[in-house]
Amino acid sequence: MIMNFRRNWQIYRTVQELNSKSEKRNPMFEKNKLALCLILFTLVFYVVYLIMIGLVLLPGILTDCFPGMEPYHMLHRGMIVLPTIDFFIRYMFQQTPSQQVKPFSLLPINRDTIIKCYLIKDITRFYNCFWFSMLLPFACVTIFKFYGFGGIFGFLLGWWMLFAINSLFYLLCRTLSKHNILWILLPIATFAALCATAFYFDFVGRLLIDFGEGFILWNPVSFLILILIISAVFWINIKVQKYFMLDELAGNTKEKSLKKVNTLTFFNRWGEIGEYLKLEIKSAMRNKAIRKMYISALCIVVIFTILLGLSSVYDGISFMSDFIGLYCCTVIGTMTLTGIMGVEGNYIDGLMVRKESIYSLLRAKYYYQCAIAIFPFLIMLVPVFMGKLEILTLLSYLSATIGLVFPAMFSLAIINKETIPLNNILTASNRNNKYIQMLVSFGSFSVPIIICRSINTLTDSNAGYIFMLVAGVASIVLHRRWLMFIYNKFMKRRYENLEGFRKTISN
Amino acid sequence: MKIRIKDIQKTFGEKIAVDIPDFTVNDGVILGLVGNNGAGKTTLFRMILDLIKPNTGEISISGTVPAEEEGETTDVCYITSNTEEWKKYTGAYIDAGFLIDYLTPEEYFSFIAKIEDIDIETINQRVASYEHFMNGEILGQKKLIRDMSAGNKQKIGIISALLHTPKIVILDEPFNFLDPSSQSIFKRMLKQYQQENNATVLVSSHNINHTIDLCTEIALLENGKIIQHITHVDEKAQKTLNEYFNVY
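Chains as they are written, first to last, in our numbering: chain A, 40 to 546; chain B, 87 to 334.
The following block holds chain A by itself, in its conformation from the complex (with noise of 0.2 Å):
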């Protein structure tokens, strides 16, 4: 049994060193690194806003609201709520971890085993202890003039393990709903139906404060609740990921032939940028990596739109309503341009060795995502009609979306070396360093509003939506010289790029 931990142990620390070095020989590791300080940068201020509320805001609302009771326990009684949010930012930030198992198929090591170092990796990450900077300074305040050290040491033990849980289930749903997008009504049901059971049913209630008094008076029973749901999340995923990676792994290999091929003869009017057109809506359609982001960040839309439209939820709160306007128009062009190039990647030596071939593309491939931001725009038509969203607002994000955000994601281009898998969901390596997409997707659907907010204060009108409009279309119209000028960077700084390429196709 000792043996067998050493060499599991041996096996995970190898893990570890092929992730680690998978990340520094990444040829996106210099810009990886700067986009990771702003990253951390922008973190450090979320950490101390946390501590504030951690410190002052949320002992003191707990007292406040409800007194006779300590704020700890209202915060158990509330259990759900942390990692419901939790579980959504997660949704929005952690990357699904690529799986490198393939070096590992023909070794005689159990794939159990090599799945299970990635799920311990994916608990001891320290995005999980993220939270503590809230619960501590809460623990400090509440718990420790009661129970020392020892109950707070209990408290985030507790509620470490709460969050491990999060990040197992996030897992688990990320790799389902990568195979089916309907997968992503698991999390949303399981969280509506949590947080319906603890505020409806009131013994439900007192069963989370005593649930949660336990970890503080370490209680065994709270948690060995905990380790036995860890251990069910952890077996059942196992399990998921073995049949999806054996599945992925055995796809590569299978017979495939297409029953209808599709010559999508009606972009031949528009020559070689025709032809570019059809290379893109292929993409999207015959590569299951491609098409799953269309697909996720459809049903994104969607699900907002119906949050937004068709429901309560954020009445009267117009940040919310210009959020979600502004993210749904960009959602698809930030998912799919932040990995620019990624995609042609695969076969860019192909294209480099035939004439001026990638400045057509980068014109294609703008006209197809101006093409697919109309989507969004219809769709976001029916919180118009309710009344929710002004006309004037969509236009703008529409506009803002088209001439502002996507030369920003096209910029992209220029540094961009690493390619992006066509098929493989959970077998691509290389995947886990997208620091800098990250930062810019993120400007994508924060400076647009910060800047229109910001106008539209200052002159207490609408000229923030206006100057976006205005500013969009200029830059809609001036496409081409941009285009150009990205072009021309790229084609500067082709060497390193095609080394770069060449270096991250997954064979």
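Heads up, none of these hints are tricks.
List time: in silico BS3-like cross-link candidates among lysine-lysine, alpha-carbon distance up to 30 Å:
id	chain 1	residue 1	chain 2	residue 2
1	B	Lys322	B	Lys311
2	A	Lys528	A	Lys63
3	B	Lys92	A	Lys542
4	B	Lys228	A	Lys394
5	A	Lys394	B	Lys253
6	B	Lys174	A	Lys528
7	A	Lys331	B	Lys228
8	A	Lys281	B	Lys229
9	A	Lys542	A	Lys60
Because the hints were derived from the structure by calculation, they are not lab data.
Keeping the supplied structure of chain A fixed, place chain B upon it in accordance with the hints.
Here is chain B on its own, set in the frame of chain A:
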């Protein structure tokens, strides 16, 4: 069309990948590049095709230097710069990274036709002329390139390099993955292509017999250097290569 290599050096870290002071590939020859693994064959091809930048020196194709730094095109109009000229008369296939694998072979050939400004009828005729080489396994299969065998992918790559009838053809290890009969057909096909178009052909291979059969000249590469340039391929050349590679 000539390819002139002058003072080319390429290093990867400490390792010298290619180091060729002066070498010319003359018009209308079939040059075979042979050498052990890591000799620098593929790197040299990639440098000729402007896919890798040499540390020093330059390569010119018919007088044009592909790697020449071009000035920024400030005009919005789409201008083909001089340094792009060589692409019109150069066809190459290095590896599967040249193929758009989510297309069917027909779609890929038609894509090349559009990019190279060739009408679809002409392309269809040219593709049809390689029917024997394709052996009925490529066209009309309703299969994406990625779902085809390695040999068929290789055939698609080779054919796509020849479709715009380039005057310079560069093929890296074209015999790889091909079955013996396809190898034989390919040799005849390439010889015929060279004669019909008076093309300059560069082929690398680890197969000495095929290289001897196909090529009119052979360059032997070792650690990035051309250590021998055989201009008359005969029995003596075969003996030299056999001795070098320890093949008895």
